[in-house]
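Participant: I would like the entire structure built from these sequences, with the hints used as guidance.
Using the working numbering, you'd call the opening residue of the sequence shown number 2 and step up by one each time.
If you are wondering where the hints come from, they were derived from the structure by calculation, not from laboratory data.
There's no promise every hint is true.
Below, computed lysine to aspartate or glutamate pairings styled on DMTMM-like, alpha-carbon distance capped at 20 Å [unchecked claim]:
| no. | residue 1 | residue 2 |
| --- | --- | --- |
| 1 | 213 | 14 |
| 2 | 238 | 27 |
| 3 | 213 | 203 |
The model shown is predicted, which means the values in this text are computed figures rather than measured ones.
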Amino acid sequence: MAADGSLRRVGVEIEFLGPTARAAAEAVANDLGGTCEAEDPHAFRVAGTGLGDLLIETDLRHVHPDRHPELGLRLNRRLATWLGTVAAPFVPRELITAPLPIARLSQMGIVVASLRAAGAHGRGAVLWDSLGLHFNIDPPRLDAATVMAFLKAFLLVGDRLRQEVARGSFRGALVLPPDYPQAYKHRVLDPAYWPRLPELTEDYLEANPTRKRALDLLPLLAHFNEERVRSILPHEKIASRPVFHYRLPQAHLSDPAWSIMPDWQRWLSVERLAACTEGLAALGKAVLSRGST
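Facilitator: Written out as structure tokens, the structure is:
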């Protein structure tokens with residue numbers, strides 16, 4: 002529950018290999034009772050399901066030129082369609098849900114089963130990157146103190162989360178989002194560091210001018226001040242939205258026992274710690290006294 006009494010929601014993104022965006026969307030529409038509508042040759046919206054609308058697309062901006070005006074090099078539609086077809090064996094597809102009430106998150110198992118039955122597969126990584134499972138989570142409050150509490154909590158448990166997500170695999174660990182700079186981590190964990198939004202934004206952008214962080218704050222900071230974020234990162238794929246973009250977990254569609262719920266439980270450990278201001282201060286002080294995170 003958010004501070005204003007509204008139900009908190011979470012959006013889910015799942016990356017996979019195997020079926021085309023069209024084939025995956027048609028399978029999900031058939032299994033969930035929705036309708037499949039083409040947005041372009043490599044992006045399909047599944048509308049009217051019990052879990053709301055879903056989008057399945059090839060995860061490459063250049064094959065969706067009409068939807069990404071921020072690209073410096075935009076292909077014409079014919080070339081974009083060709084590129085998407087050629088890249089299909091190598092570039093993942095991505096399923097993106099509308100925001101769901103958190104209490105309904107376990108129902109995503111139906112979607113995972115539908116994708117798997119359609120031939121979707123993956124073991125957490127491709128040659129050059131993760132196969133991501135991302136959560137877009139409503140903060141309980143939209144203010145600087147809440148953002149800092151969650152960031153502090155995330156940094157305190159981040160090493161453990163990275164180890165658990167990698168599953169002991171060197172390759173799995175290698176493609177995780179790069180860690181935050183050590184100096185920035187020390188600054189954030191200082192018990193006295195509770196900046197206002199302008200300072201928080203400037204410090205974050207200076208240390209992390211990239212989407213590739215396990216807890217990516219760029220969408221949230223763009224919601225607060227999109228002009229400032231765009232001035233630093235004019236061509237990055239950043240959707241301004243008031244959410245925590247948690248992009249550490251990996252998708253393992255090839256594992257028949259895999260579910261999104263263990264990774265959600267890991268996120269909840271961040272939420273519990275973020276709610277304890279005294280715990281954040283004590284643990285931050287202890288980490289700084291050891292000189293490491």
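Participant: Can you list which hints this structure breaks, lowest number first?
Facilitator: Going through the list in order, the structure violates hint 2 alone and respects the others.
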